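Top line first, the protein sequences correspond to chains A and B. If you read the first sequence in our numbering, its first letter stands for residue 1, the second for the next number, and so on. If you read the second sequence in our numbering, its first letter stands for residue 1, the second for the next number, and so on.
Among the hints, erroneous ones may be present.
Here are some of the chain B residues that sit facing chain A, going by a computed Cβ distance under 10 Å [as the list claims (entries may be wrong)]:
#	residue
1	THR193
2	PHE195
3	TYR200
4	ARG290
In short, the hints are calculated from the structure, not lab data. Fair warning: this is a prediction, and the values are worked out from it, not measured in the lab. All residues carry an ideal CB built from backbone N, CA and C; glycine is no exception.
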Amino acid sequence: MDRKIVLEVKNLGKYFNAIKAIDGVDMKLYENEILAIVGDNGAGKSTLIKTISGVYSKNFGSIYINGKEAEINNALDAKKHGIETVYQDSSVIPLLDASSNIFLGREKIRQNFFGRLFKILDFKYMREETRKVLNKFGIDLKDLDAEVANLSGGQRQSVSIGRAAYWGGKIIILDEPTNNLGVKQENKVMDLIMKLSHDFKVSIIIITHNIDHVFQLVDRIVVLRNGKKVGDVLKKETDKNDVVAMITGVKNIKMNGKT
Amino acid sequence: MENFKNKFKSALNNIFLGKSEAPLLLLVYIIILVIFFSLNNDYLRLNNIKNILGNLSIPAILSVGLTPVILSGNIDISIGSTYALSGIVVGLLYRVADIPVPVAILAGLLIGLIVGAINGLLVIKIGVNSIIATLGMMSMIRGVIYVIGRRVMKIYYQPFLNLARIYIFEHIQIILIYFLVFFFIMYFILKLTKFGKHLYAIGADEKIASFFGINIRRNKFITFLISGGAAAIGGVLSVSVIGDVTVSFGSGTLLFEVITACILGGISVAGGRGSLIGVFVAIFILGSIRSGLVLADVPINLRELIFGMILILALVMDSFRVRKRGLSEEL
Numbered sequence: 001m002d003r004k005i006v007l008e009v010k011n012l013g014k015y016f017n018a019i020k021a022i023d024g025v026d027m028k029l030y031e032n033e034i035l036a037i038v039g040d041n042g043a044g045k046s047t048l049i050k051t052i053s054g055v056y057s058k059n060f061g062s063i064y065i066n067g068k069e070a071e072i073n074n075a076l077d078a079k080k081h082g083i084e085t086v087y088q089d090s091s092v093i094p095l096l097d098a099s100s101n102i103f104l105g106r107e108k109i110r111q112n113f114f115g116r117l118f119k120i121l122d123f124k125y126m127r128e129e130t131r132k133v134l135n136k137f138g139i140d141l142k143d144l145d146a147e148v149a150n151l152s153g154g155q156r157q158s159v160s161i162g163r164a165a166y167w168g169g170k171i172i173i174l175d176e177p178t179n180n181l182g183v184k185q186e187n188k189v190m191d192l193i194m195k196l197s198h199d200f201k202v203s204i205i206i207i208t209h210n211i212d213h214v215f216q217l218v219d220r221i222v223v224l225r226n227g228k229k230v231g232d233v234l235k236k237e238t239d240k241n242d243v244v245a246m247i248t249g250v251k252n253i254k255m256n257g258k259t
Numbered sequence: 001m002e003n004f005k006n007k008f009k010s011a012l013n014n015i016f017l018g019k020s021e022a023p024l025l026l027l028v029y030i031i032i033l034v035i036f037f038s039l040n041n042d043y044l045r046l047n048n049i050k051n052i053l054g055n056l057s058i059p060a061i062l063s064v065g066l067t068p069v070i071l072s073g074n075i076d077i078s079i080g081s082t083y084a085l086s087g088i089v090v091g092l093l094y095r096v097a098d099i100p101v102p103v104a105i106l107a108g109l110l111i112g113l114i115v116g117a118i119n120g121l122l123v124i125k126i127g128v129n130s131i132i133a134t135l136g137m138m139s140m141i142r143g144v145i146y147v148i149g150r151r152v153m154k155i156y157y158q159p160f161l162n163l164a165r166i167y168i169f170e171h172i173q174i175i176l177i178y179f180l181v182f183f184f185i186m187y188f189i190l191k192l193t194k195f196g197k198h199l200y201a202i203g204a205d206e207k208i209a210s211f212f213g214i215n216i217r218r219n220k221f222i223t224f225l226i227s228g229g230a231a232a233i234g235g236v237l238s239v240s241v242i243g244d245v246t247v248s249f250g251s252g253t254l255l256f257e258v259i260t261a262c263i264l265g266g267i268s269v270a271g272g273r274g275s276l277i278g279v280f281v282a283i284f285i286l287g288s289i290r291s292g293l294v295l296a297d298v299p300i301n302l303r304e305l306i307f308g309m310i311l312i313l314a315l316v317m318d319s320f321r322v323r324k325r326g327l328s329e330e331l
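Can you build the whole structure from these sequences, using the hints too?
And the structure:
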């Protein structure tokens, strides 16, 4: 396959004192694919993506974006490289409204003299942009000023995913996006993810426990166990039992179709 | 007409869902006015209204200055001491060191900023919990006051006395104007600027705010400068109003009045929630209650008891709101 590799990690490692959360992981992400990272609790999925997105600093190994090595020491670095992350709790601030969340830390300032002097917020612009990006995901919030705490779980996720898409993330990482949601909400979020992939042409990494969702959504599956990669297969070359076996360690390593 | 109906509906919603304190407080305020008026008809006379407004103006300045601190998740209980220290410094420099009054005033204000900076360093750089840090500062400053203060320092310099004592349009004391100006500036900052938005974000969820590049440390530091500065302004104005300053200046109920106004006004102790509008109404409510109790001949001990109960009530209401917010965050 001669597809472009948008993200690659080589021998990536992150320790927390004695705990080897990830211990030499190699992984590629191709352009416009949806990749799932699965594994049991403690396998290192969360640590892996947090290291890629700058929440943790790696202990060893390297990260490459579009072929060039990238220094990612904090969340802002990651964003500069086009990596946007949606965390388990949606990483929205419940007390703030949708547009405040989408523009968090990147607020638009009014472009007149006083605006730039006092950093006055351009609420009209931000609300309009928020409405536009949410509409692209098929979400129509009746009250854009409502605290997101008052929105449904699916709507909250749409704010979070909308934010990632809006800021031009080319690599979007979703950490357990359907956790803690009812079935109807889960399906809505899955639709959001599909839209994200088709309409925004981004590369997506999803961490999830839910094998069914994996097989509904993704192109390729990476399996972690005890901080190491034990599986790297195309969805069409595997099935649920296979994947579960890799997660629990019953089955041995299966990479690219070979066991 | 349709627009008005919708706005009215949403205001009612706000009151009953507890989203905005101001309408409810306004209702309470009107009830209070009615009660006290029936107890003593002098209550609503012009003279008494001027009295109420004059008395609430300076603590109000401190409440407005304290609000950003609480919004961003901290507290500053040293404001009473800072207020006193600034007054003492002005008195000392003018009466004992013979320094011209304008310079003495500037020094007093500077003291407020210095105390604020120290509070900021303790809380942000060293990482001390803000209650403990500002409590320590409060005691330390009290000690400093007792060391450097003199028995009574009277200031006869008329221009200085005019600073706080003149009336605009015959009935409006200028300290009320100072309060209103400060209030509008702070309201503007909190509601309309990036800084204000960031304070709310930090108070609501510091971790997420920092993920998105918001500078937690710098923003919090600035809030302590604001509370220290406001306390100093209040202290200097207070000396001008009273005309002299002693070592016991500013001790007593000032701190509690100021904090009560913030909490009652809806500024949540958990941070990230509340509006200055609520604080504004709470300031007027507390001032009116105090005056009403005095005119109804309620003895001072009972008055202080009542104010203590109001603070507890405000804290309890706030804790319900925080609990509800904690639940919704789990969803």
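Quick rundown of the hints versus the structure:
1. Restraint check, THR193 of chain B versus chain A: the minimum CB separation of about 5 Å is within 10 Å; hint holds.
2. With a cut of 10 Å, the hint placing PHE195 of chain B at the interface with chain A holds, because the nearest CB-to-CB distance is about 6 Å.
3. Here the hint on TYR200 of chain B is kept, as its CB sits about 7 Å from the closest CB of chain A, short of 10 Å.
4. Checking ARG290 of chain B against chain A by beta carbon gives a least distance of about 32 Å; that is not within 10 Å, so the hint is violated.
Checked against the numbered hints above, the structure violates only hint 4.
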